[in-house]
Each structure stands twice: as C-alpha cells, then as structure tokens.
Amino acid sequence: MYMTYIHEAGPRPPPRQIRLTYDPSNPYARFRANPPVGGDQLGKKPPPPDSPSNVIRLEKIVIHSFLKTAIVSRSNLLGLIMALRAMTGETEKGAGKHAVKGKSVGGWIRPDIPVGAKVELRGAPMYDFLAQLVEFVLPRLKDFPGILLPPPAASDHSPSAVSGVVSIGLTPTAMQFFPGIEVNLDAYPRSYGMHIHFVTNATGVGAENRARALMSGFQLPFTRR
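Each residue of the sequence shown is one higher than the one before, counting from 18 in the working numbering.
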C-alpha cells in the first residue's frame with residue numbers, strides 16, 4: 018500500500034455525467050449504435066481512493082496454451098492437459114480443454130472445436146505455481162531477460178494500461194524446467210508453450226503500473242528494450 022499510495026488533498030469532483038449521442042426514448046434511434054458523447058471514458062477512469070480495503074493484491078493466475086495440431090485430432094490435447102495438470106496440481110475442473118468460440122486469426126475454425134487447454138489458479142495453488150516460476154523456471158532460461166516494459170511514450174489510457182493484468186509468454190523450452198514436469202519428462206510427447214496472465218484487482222488509470230509493482234515484489238523481472 019505504501020508503494021502505490023497516492024495522496025489526494027481534497028475530495029474528488031463528482032463523476033462526469035454520461036450523455037448518449039441519441040435519446041434512448043426516441044423510437045427512431047432505438048436500434049442505432051448509441052455511444053456516449055466524447056467517446057469511451059474507460060481509459061480515463063480514475064482509480065478508487067486508497068484504503069486498507071482495496072490494497073492491490075493478486076486475485077488469480079490464468080494459464081492457457083494453444084495447440085494447432087488439435088484441430089486435426091483432439092487426442093493431441095491429452096499431452097498438453099496432463100502437462101498442465103502436473104505443473105499446477107489442478108485436476109478438478111482444471112487444465113481442461115478449451116474450445117474456440119468463433120473464427121481464429123490463423124484461419125477458419127468451426128465453433129466448439131477444442132484447440133487448447135486453460136487453467137485458473139487461486140489461493141494457495143496460485144502462490145505455489147508462482148514460486149515455482151520465479152525460483153525454478155525463469156532463472157534457468159538463458160534467453161529470457163525479463164518481462165518487457167512499454168516505451169516511455171506509451172499511453173497510460175489504453176485498455177491494457179487500465180486492466181491491471183501482467184502477461185508473459187513462455188516458449189516450449191520453459192515447460193521442462195517446472196518440477197512437476199522435470200521429474201518425469203519422458204512421459205510427455207513434447208513440450209508446449211504457454212501464456213500466463215497475472216490478474217490483480219487494480220483498476221483505473223495506472224492500474225498496470227501498480228500491477229507491475231506488485232509482481233516485482235514477487236521477484237518477477239522486468240526490463241526495457
């Protein structure tokens with residue numbers, strides 16, 4: 018709380034009244050796109066006042082991996098699912114298949130086709146996975162200098178800057194360094210890359226910077242280009 022505290026000299030002004038472009042009661046504009054006047058204010062929303070009840074904290078870790086060969090045969094997902102279960106320790110509704118909801122960037126994929134695996138960690142398993150990541154995996158990656166920070170000229174009002182989420186992508190080489198995988202590496206057909214998202218409760222302007230400050234306290238390295 019001390020690192021992210023922002024002192025406010027007086028009470029905040031009342032929030033700006035949101036006025037829509039068209040009158041919602043107008044029957045001729047009922048089905049029109051009706052954005053607010055002045056554009057979306059998501060990136061300009063101030064953070065909530067600092068108090069002991071909203072101290073920034075890590076809420077969950079989301080791990081997901083996309084497997085292109087699963088489009089041809091869904092049985093190719095078995096190795097990925099078992100690897101994520103060994104890494105995270107989640108078996109009950111965890112490390113299950115993830116189906117696509119629409120078309121993907123790489124081409125057309127029919128909906129409800131399983132193309133990857135996803136798991137969410139909360140509570141004690143979340144901190145266990147984070148400890149494995151910063152103590153066993155990242156120090157052994159020779160080509161990983163740290164999580165890249167945005168350039169100084171980057172906007173503080175973009176959707177990613179106010180999301181309060183820190184994301185990292187790992188190559189297939191990193192999977193073999195997790196203790197749950199390394200102890201029985203030959204049992205898996207291959208290694209898989211993954212994306213890891215650290216979701217915090219930070220919101221408003223500067224949320225991503227506060228999330229980075231929190232994750233740096235967990236020994237996650239950050240670097241600039």
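Take these hints with a grain of salt, some might be off.
Stated by the list, open to error - Here are the in silico distance ranges between beta carbons for each label pair: (1) SER184 to GLU152: 17 to 27 Å; (2) THR86 to VAL222: 26 to 36 Å; (3) GLN193 to SER70: 38 to 48 Å.
Bear in mind the hints are in silico, worked out from the structure with no lab data behind them. Cβ coordinates follow ideal geometry from the N, Cα and C atoms, glycine included.
Verification of the supplied hints:
no., hint, in the structure
1, SER184 to GLU152: 17 to 27 Å, "holds (20 Å)"
2, THR86 to VAL222: 26 to 36 Å, "violated (42 Å)"
3, GLN193 to SER70: 38 to 48 Å, "holds (42 Å)"
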